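Chemist: Residue-level listing of the chains:
2 protein chains.
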Amino acid sequence: MRLSRYFLPILKETPKEAEIVSHRLMLRAGMIRQQSAGIYSWLPLGLKVLRKIERIVEEEQARAGAVQLLMPTIQPADLWRESGRYDAYGKEMLRITDRHEREMLFGPTNEEMITDIFRSYVRSYKDLPLNLYHIQWKFRDEVRPRFGIMRGREFLMKDAYSFDLDQETARHAYNRMFVAYLRTFDRMGLKAIPMKADTGPIGGDLSHEFIILAETGESEVFLDKSLLEMPIPAKDTDFWSDLSPIVESWTTPYAATDEMHDEAAFGALEEDTRVSARGIEVGHIFYFGTKYSDAMGAKVATAEGTEVPVHMGSYGVGVSRLLGALIEANHDEDGIIWPKSVAPFHVGIINMRPGDDLTDPVCEDLYAKLEAAGIEVLYDDTDSRAGAKFATMDLIGLPFQVVAGPRGLKDGVLEVKDRATGEKEMLTPEATLNKLTAALTD
Amino acid sequence: MRLSRYFLPILKETPKEAEIVSHRLMLRAGMIRQQSAGIYSWLPLGLKVLRKIERIVEEEQARAGAVQLLMPTIQPADLWRESGRYDAYGKEMLRITDRHEREMLFGPTNEEMITDIFRSYVRSYKDLPLNLYHIQWKFRDEVRPRFGIMRGREFLMKDAYSFDLDQETARHAYNRMFVAYLRTFDRMGLKAIPMKADTGPIGGDLSHEFIILAETGESEVFLDKSLLEMPIPAKDTDFWSDLSPIVESWTTPYAATDEMHDEAAFGALEEDTRVSARGIEVGHIFYFGTKYSDAMGAKVATAEGTEVPVHMGSYGVGVSRLLGALIEANHDEDGIIWPKSVAPFHVGIINMRPGDDLTDPVCEDLYAKLEAAGIEVLYDDTDSRAGAKFATMDLIGLPFQVVAGPRGLKDGVLEVKDRATGEKEMLTPEATLNKLTAALTD
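Chains as they are written, first to last, in my numbering: chain F, 59 to 500; chain W, 59 to 500.
Quick caveat, the hints were computed from the structure, so don't treat them as lab data. Accuracy of the hints is not assured; some may be wrong.
Identical copies carry no separate label here, and so any pair may be met within one copy or between two of them.
[Said to hold, decoys possible] Straight-line distance between alpha carbons at most 27 Å, and here's what the computed BS3-like set of lysine-lysine pairs gives:
#, residue 1, residue 2
1, Lys110, Lys398
2, Lys482, Lys74
3, Lys106, Lys293
4, Lys357, Lys293
5, Lys357, Lys70
6, Lys110, Lys468
In this text the structure is predicted, and so the values were computed from the model without any measurement.
I would like the entire structure built from these sequences, with the hints used as guidance.
Modeler: This is the structure we're talking about:
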């Protein structure tokens, strides 16, 4: 993409309403724009990252056997009356009346609708296990939206729902999502730790939050150091095999959020294995049994011919929130440092003197060859000042920068900078292409 | 995808509420489910097609220089007061009050918000031309939603907005979208004809509807036969060159919707060049000058340093509607016939006897090899009746079907059926793989 044809509205000044670093950097890097309290437009650079996060989530959901559909944003109130949550949900639910005075709402979550879809079509144990998910915009009318897209009102969530015949198979469904989440966050270059969560009145031990570690995280978390080195399940993990050894290895060492923290148990660990850190919740998985299937009559016939309510779980990932979490975990004083897998572009090329006989052909050639190799490039072909060009590239945080200046090119070299390490090398155009291709393709 | 792990809720009976063929077939093929009047869930098969349509639209928008962003669904009422449309829009606008009694709405279109984004960041003619677009769910509270997703309330639209310094450059922006639309619909295997549309009080000749020809189309259209053979602009068309010769060649021959039809002009054509047909509107492009930039103060500085209101156009594609239009244009009595480029899967493999020593290994091997070649396969590994399996495959309309039965495999052959022509061939597994790979990859 040529910057001269792109839309990247960089802000020079730090917007004063932004309290946390990810909010500040997203506004400054022209990734988002607030349209009203807690409601944002995703500008081109922000949308690119959002889509990359979505693709990773989708690939790992598919690997774990979840099937994607898409439920609408607007739901009828009557569905929520069946579960009893229409009144219980309170003011966070955005309630709407249509032109025929029908009561509707902008979905904050989808347990009711997915249960309705399930009961409409599925009758037999033969159709189980089933896990249906979607990635859709939700609305929660927070009293005081803040922290940019980290606590917005309109936000993008992946929510999966599992349907199983009994608790045992439901546990396997739960384990599949548990493993999928470990892989999902790892692929984004994040350190995510599953931590036991409060299951509320239903009880049981099948609820975990996935917490990203980041120095500027929203809350304190406590964990056993061994979790930091725990291996991530491989790409070829057989999701239809018994996954409980993996889940056990991840849930045995101590790990707790502030809310669930047990000072005594944590204190009993060897001192040098105790880690306290800051974290950000990006996922939550939950087995809730027959809560909705009982209330809404979602039953299946067993092999013996009796009808039983189906066992369900739900599995959320805060897709838009992850963008903020990624920045909290990956930035320095100059801006964002994107992990390769979610970077909006992989390489930024800076032409120091557009129109120059030396810089133009080298930049155009490198741009064309990188793109042909499947590497996404943002090519700064504008006539901005050099200082502004460098600052913008550091701010938007692409993994590599290539600077083409007349002086270097007289000696036949480009400057190649690694954004994460700051390391710079002077390389010929050919060596630059080889280095970047090797670093950025599999 | 193994059908045993997919969610494809086929309906045996034709739902009586469905008045048109695309609605009937989408319900029967398990592509959509109505959640309330004019509001649908996109079941897995429907979502797959929707995403393929989106990808084609995105690729062609990018080729034409449009840059993608994403505006939220919920908009503040105040923006619409600035343009005067808050009151003018009437009951089709879904109006919402949030918990703080602020007036909001579910966006039916985005002229106001994009103009707001533009005026917030863009100050100079140097940043033009600019075309920003998004693909987002819209809501129009139709009195009587009908025809399935063809006239729903919550629907997916691509809407692009161009910003130019004057009318002449705005015309070039218009032409870029005109050419992009010809390519977009052609890639979906559709015959789309641009037809002059009413420009309302603004006047001028810069508004066209793109009408898909389909026997079961919603309205009558009239055109010169030469348009049916008009060449589509090539992939390597230079969008930054003068496109007016292309646009003229497409707009000179007679073509009109019912509303704009001129019986005398049509009658003056040679009799054998007059075509009257049925059509479905799937796109609408529109130059509206400074209507919104005047009202909302979206100005840019010219090279001479004066400030002028920016010239705008808007360019819509009915993304979810296209799915219905595609089915109206491509079906027979047995079901849908997907064009390759938008088919949810390319090949359906039917294992006539899952568990059989002969059929299982051949199916598994073919399935694995096709997928490895980048061909998407729906593998029916279920133990349904043969008749039901055939009917389902015909109904969902994948371009090719492969039937693996014990009898054929005793002779070492599979049956390969072309869904569009109905032609069947008996081929060895190797010849099947070669044939499908050749037919389905570039």
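Chemist: Against this structure, judge whether each hint is valid.
Modeler: Consistency of the hints with the structure:
1. In this assembly of identical chains, the alpha carbons of Lys110 and Lys398 lie at most 27 Å apart whether taken from the same copy (10 Å) or from different copies (26 Å).
2. Taking the shortest Cα distances, Lys482 and Lys74 never come within 27 Å of each other, neither inside one copy (33 Å) nor across copies (68 Å).
3. For the homomeric pair Lys106 and Lys293, the shortest alpha-carbon distances inside one copy (24 Å) and between copies (24 Å) are both at most 27 Å.
4. For a Cα distance limit of 27 Å, the shortest separation of Lys357 from Lys293 qualifies neither inside one copy, at 34 Å, nor across copies, at 52 Å.
5. For a Cα distance limit of 27 Å, the shortest separation of Lys357 from Lys70 across copies, 21 Å, qualifies, whereas the shortest one inside one copy, 58 Å, does not.
6. For the homomeric pair Lys110 and Lys468, neither the shortest alpha-carbon distance inside one copy (38 Å) nor that between copies (47 Å) is at most 27 Å.
Of the hints listed earlier, those the structure fails to meet are numbers 2, 4, 6, in rising order.
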